[in-house]
Amino acid sequence: MTTTDTTDTTTGTDTAGATRGELCWLPLDVLTPHPENPRASLGDLSELVRSIRSHGILEPLVVLPADDNGEHLLVAGHRRHAAAQRAGTVTTVPVVVRAMTPVEVIEAMLSENVNRSDLTVAEEVRAVERLMSLEDGLTPAKLCRRIGRSQAWVRSRMAVTILPVRWRAAIDSGELSLAAAEAAATAADLGPDHLDAVCERLAGARWGDPARAVASYRDDLRRDTAYTAAVERAQAKWATVCTADDPPPERAKRLGELFDPDGCKAHRSEPCHAAVVRRTSWGDGFEVHEVCTDPRRHHRTRVENGNGSELASDHTRPAANHDDSHAKRKGRLARLDHAATAFAKTRGGISQHDLTRLALRGLISEAGREAVGYAATILGYDQPRDVTTADLLDGADTPAALVGVAGAVAAGLAETAMYWSSGSEPCRDYLATLTSTGWTPDDWTATVLARHTDATVEDAYDEQADADDDGGDESDEGDDESEEDDIDS
Amino acid sequence: MDRPTACLVSVPPGAQAALFHLPVDGAPVYTVLDRDGRVQTRTTSLGVAMTAVRHLVAEHGEAWVRTTDDTTAHIGPAGVASDTPAHPWIRTLTATLETSP
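Here the protein sequences come in this chain order: A and B.
Going by the working numbering, the letters in the first sequence line up with residues 1 to 489, in that order.
Going by the working numbering, the letters in the second sequence line up with residues 1 to 101, in that order.
No lab work stands behind these hints, which were simulated from the structure alone.
Where hints are given, some of them may not hold.
Heads up, incomplete: computed chain A residues facing chain B, CB under 10 Å, no partners named [stated by the list, open to error]:
1) V128
2) M132
3) T139
4) R155
5) R157
6) V160
7) L163
8) V165
9) P192
10) H194
11) L195
12) A266
13) S269
What the simulated footprint calls covered on chain B by chain A, stretch by stretch (three residues with Cβ under 8 Å from a Cβ of chain A suffice, anywhere in the stretch; the number is not a length) [claimed, not checked]:
14) 16 to 27
15) 52 to 58
16) 81 to 91
Note that the Cβ used here is the ideal one computed from N, Cα and C, for glycine as well.
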């Protein structure tokens, strides 16, 4: 349809036809911009003015029916209306007069502008706010369907309404991106001051993920709060507290470097005791260390002269409790000495029965988890993988039972050895025992055994060859030299 | 006898006053209630909640916003009232409503 074709339209203010949404021509001076128009600025109209001067208005404007004063409020076509006024060559314009509810009017105005991406973010935000305030029960989900935008689009516009006016304006000026504003709005629960600070931080940061920046701000805040609480607790507990704001105490040393735990406790009553609370950028945001600000007070010579503390660091360390390596070694030597004497005795020494028990229990205890599992399988445990050496030894009270368990563990060890050294002595004993009781080796085992046998024969040849080589070293060296000479020549 | 107005005014219709406001983990969820105690909006965005509040205040004259830790604000033509006015999100709400057009 060509709207400039006047034969197809009615002229004058035919209100009856207009309310049916029909096309008509209206004088320019009866059209008034709608006060609820979301577009605050009409932008540069010069191109449009030139176009209207040349071709007139090609698309009809959409207006509401005339009010009591005979004026029609514009719904769509504010820019064309303004350009037509500025052109001065147009007196009547094509319009569609349509009766609409206030909500429909704003929806239409919003849809028209939003879908062309002509509105600024602040204008979109205002329009969404206005729409939401007009209709009862209009949720973001419903609104997005009506204006043809995604729910995320609507939610982001609604979310930034919590920002201070200054920062909402900053979105339009480009100082704050919409994504950053949306992320900043999630910090609304921190209070207006922090909300402002988050906006400030995001406006300054051109790069990076705004959501991560807000999360980082929250972490910093949490650590700051924790640090302040830690300082308060330390000040309530200790007479001297060095915080992050104080200069670091000179010559201070952590108590752990000077004293044992008892000494650290005793040091708390000393005048040189202090607590240092440091900020950290990780974890809880603080560290508390108890320190001695004058470690020389506890030096041995000062203690002996009566000028220092009784807590001399080298006097208070009880060797029996903490540094017991000497006592341990002494005890071990005593035990070994007695064992050597007992072994040497033919009578009154360690009995064969006790030696057997020690040997078998030692074998069982030292077996690896895999061998214990195999032994448990041999012994018929229901859940062999869960069995431990303690479980195996639990029921082995008699020598016969102990021998049975130890034999199963030895078989388990041999089974384990199959996979790394099929030719080991325990392994061959184990296989021989199985064979003697009527077992026929399976293919894999037979192959492994054959390979081992071949390898043993080859090894024997190699050893013989090595022995021969050792005997003729000199002649070999001479041969090598002669070969090199041949190559050079 | 003085009426405990500060405590009563921020309790939405049909809800009980909370004696303690225990901190909760995670982002707070804001519930907007109308004067009949009906939930209008439940959202993690205070901006979305405030949009609903503006509508309710324009339509019914008042609205309540309650968060996960049971802190509540009453919003009416006179502004924001709460028994925990120093709570950060309530201060944000107050500041935004005071400065926004």
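What hint numbers does the structure not satisfy?
Numbers 12, 13, 14 - these are the hints that the structure violates, sorted from lowest upward.
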